[in-house]
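S.K.: Quick mapping for you: the protein sequence lines, in order, are chains S and E.
Mapped onto numbering that gives the first Met the number 0, the consecutive letters of the first sequence carry residue numbers 0 to 134.
Mapped onto numbering that gives the first Met the number 0, the consecutive letters of the second sequence carry residue numbers 0 to 337.
Rather than coming from a laboratory, the hints here were simulated on the basis of the structure.
Note that the structure is a prediction, hence the values are computed from the model and not measured.
Treat each hint with caution, since some may be false.
[What the hints assert, rightly or not] Straight-line C-alpha distance at most 30 Å; calculated DSSO-like pairs for lysine-lysine:
1. E:76 / S:127
2. S:4 / S:22
3. S:22 / S:104
4. S:22 / E:304
5. E:76 / E:126
6. E:331 / S:4
7. E:76 / E:249
8. S:104 / S:4
9. S:4 / S:127
10. S:22 / E:76
11. S:127 / S:104
12. E:76 / E:102
13. E:249 / S:4
14. E:304 / E:331
15. E:102 / E:304
16. S:127 / S:22
17. S:4 / E:304
18. E:126 / E:102
[Stated by the list, open to error] With the C-beta cut set under 7 Å, the calculated list includes, among others, these residues of chain E facing chain S:
19. 16
20. 91
21. 93
22. 105
23. 108
24. 114
25. 116
26. 120
27. 121
28. 278
29. 279
30. 281
Glycine included, each C-beta is placed from N, C-alpha and C at the ideal position.
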Amino acid sequence: MSERKIRAIVAKPGLDGHDRGAKVVARALRDAGMEVIYTGLRQTPEMIAEAALQEDADVVGLSILSGAHMALVPRVLELLAANGQTHVKVFIGGIIPDEDVLKLKEMGVAGIYGPGTLTDTIVQDIRKSVYGKDR
Amino acid sequence: MIDITPILSGERLALSRLLTQIENDTPEGNEALNQLFPHTGQAHLIGVTGAPGTGKSSLVNRLAYAYRHPDDGQPPKRVAVVAVDPTSPFTGGAVLGDRVRMKDLAGDPGVFIRSMASRGSLGGLAKSTAGIVQAFDAAGFETILIETVGAGQAEVDIARLAHTTLVVEAPGLGDDIQAIKAGIFEIADILVINKADRPGVENTERALRGMLNLAHPVRRVFQHHGQIMEVQPTVDQDEAAELWQPDIYKTVATDGSGIPDLVTAITQHQAYLENSGDWVRRERTRLQTELENLLRETLITRWRKQISDEQYQAFLESVFERQIGPIEAVNKLLENKF
Chain S
0 MSERKIRAIV AKPGLDGHDR GAKVVARALR DAGMEVIYTG LRQTPEMIAE
50 AALQEDADVV GLSILSGAHM ALVPRVLELL AANGQTHVKV FIGGIIPDED
100 VLKLKEMGVA GIYGPGTLTD TIVQDIRKSV YGKDR
Chain E
0 MIDITPILSG ERLALSRLLT QIENDTPEGN EALNQLFPHT GQAHLIGVTG
50 APGTGKSSLV NRLAYAYRHP DDGQPPKRVA VVAVDPTSPF TGGAVLGDRV
100 RMKDLAGDPG VFIRSMASRG SLGGLAKSTA GIVQAFDAAG FETILIETVG
150 AGQAEVDIAR LAHTTLVVEA PGLGDDIQAI KAGIFEIADI LVINKADRPG
200 VENTERALRG MLNLAHPVRR VFQHHGQIME VQPTVDQDEA AELWQPDIYK
250 TVATDGSGIP DLVTAITQHQ AYLENSGDWV RRERTRLQTE LENLLRETLI
300 TRWRKQISDE QYQAFLESVF ERQIGPIEAV NKLLENKF
């Protein structure tokens, strides 16, 4: 019995102007055999949580370049919890200053990736967090 | 043992999780489908198919919005959208990007959008799409829009699943010959030319209308180089008068033009199906197709367990080495001569 497919939301909350990085990650996850629900630009936390609920996502990936991560990410986590989806793993990519990384991890973010991260690192981290062990 | 009460009462998280079970063909999912089946049969299933890039997702977005904001004073229908995108045959992964086009539906509790990957199925739908649709039906969604992968001509699965099938075209995608090729146009209950603000829309309409006129089983008399030619009917006049005649609707999904007329056409088709008895006939065909597909797969899976991998492989080898042809191999396998 092969392992079940990972369903991952890739979203750009807030007012970022481009989604090149998010698309690179989406393709990498696809090439790793995952099903990526790509929700595009200008998502609100409410839209992201709604998508995670309807799509029964295992993972929510947020790409944030605007610096608004400390407002957007806690809101997404809050909404996921309110919808009964505390098992969903949240990963963040983009421009996140070092001093915020620790705070975000304490809030429950599973991984934070800056520019230059190898997509394979992200893929492996997601697999470990969803399947629960080193695969 | 799955409790279906939360599904029937519209509990979204329970429904979402069940859809995953159904998609993964788990025993719990199949058990739930069995329990839910008596509660199905109310929803209007609308299929939306057509080549990639014709704007199916944007059209579905507009249609769903129209159903949620009816202009005739009727209460809004609960709308489910099932959007299928292709799975990579090499990596097994998929990018499900139909939801991107449906931002107008965000935040509406009467809408549920579920993206599915085809997971290797050809024909435009995933294997479990029918089951997913049944779950939405039982959960009380009165209108279910099913958007196919969109690979074009081979996508006829949708015609067996949906009550009303929309085939979406766009200007500039092919010439007159393309329009009359068999396959996808024959399944259309309604033809839509989307992106109707693009150049070439008149040519597209003419080509499609020409094809419709040839296909429609009534007597047609038309002029060709001054000679009158007749196309003989394949049904008699009385019968033909009662048949549904697919018509062409022009839309621009990005700005909403043409959508109200399209919604009216879909409603008319639904009324036609009910009045003509075709609704019942199509339901029967749909369920028969589903049963037979399931039977075929289950039989093969069960049969395959009787033979070991080594024995099966040995059989394959003898076919590869041209000692025995495939037809004879199958006969031998089924007669247990291995």
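S.K.: Each of the hints needs a verdict: does it hold here or not?
M.R.: Hint check results:
{"no.": "1", "hint": "E:76 / S:127", "in the structure": "violated, 42 Å"}
{"no.": "2", "hint": "S:4 / S:22", "in the structure": "holds, 19 Å"}
{"no.": "3", "hint": "S:22 / S:104", "in the structure": "holds, 24 Å"}
{"no.": "4", "hint": "S:22 / E:304", "in the structure": "violated, 43 Å"}
{"no.": "5", "hint": "E:76 / E:126", "in the structure": "holds, 27 Å"}
{"no.": "6", "hint": "E:331 / S:4", "in the structure": "violated, 37 Å"}
{"no.": "7", "hint": "E:76 / E:249", "in the structure": "holds, 24 Å"}
{"no.": "8", "hint": "S:104 / S:4", "in the structure": "holds, 26 Å"}
{"no.": "9", "hint": "S:4 / S:127", "in the structure": "holds, 13 Å"}
{"no.": "10", "hint": "S:22 / E:76", "in the structure": "violated, 35 Å"}
{"no.": "11", "hint": "S:127 / S:104", "in the structure": "holds, 16 Å"}
{"no.": "12", "hint": "E:76 / E:102", "in the structure": "holds, 18 Å"}
{"no.": "13", "hint": "E:249 / S:4", "in the structure": "violated, 39 Å"}
{"no.": "14", "hint": "E:304 / E:331", "in the structure": "holds, 16 Å"}
{"no.": "15", "hint": "E:102 / E:304", "in the structure": "violated, 47 Å"}
{"no.": "16", "hint": "S:127 / S:22", "in the structure": "holds, 22 Å"}
{"no.": "17", "hint": "S:4 / E:304", "in the structure": "holds, 25 Å"}
{"no.": "18", "hint": "E:126 / E:102", "in the structure": "holds, 27 Å"}
{"no.": "19", "hint": "16", "in the structure": "holds, 6 Å"}
{"no.": "20", "hint": "91", "in the structure": "holds, 4 Å"}
{"no.": "21", "hint": "93", "in the structure": "holds, 5 Å"}
{"no.": "22", "hint": "105", "in the structure": "holds, 5 Å"}
{"no.": "23", "hint": "108", "in the structure": "violated, 9 Å"}
{"no.": "24", "hint": "114", "in the structure": "holds, 5 Å"}
{"no.": "25", "hint": "116", "in the structure": "holds, 5 Å"}
{"no.": "26", "hint": "120", "in the structure": "violated, 14 Å"}
{"no.": "27", "hint": "121", "in the structure": "violated, 18 Å"}
{"no.": "28", "hint": "278", "in the structure": "violated, 29 Å"}
{"no.": "29", "hint": "279", "in the structure": "violated, 32 Å"}
{"no.": "30", "hint": "281", "in the structure": "violated, 28 Å"}
Hint compliance for this structure: hints 1, 4, 6, 10, 13, 15, 23, 26, 27, 28, 29, 30 are broken, all remaining hints hold.
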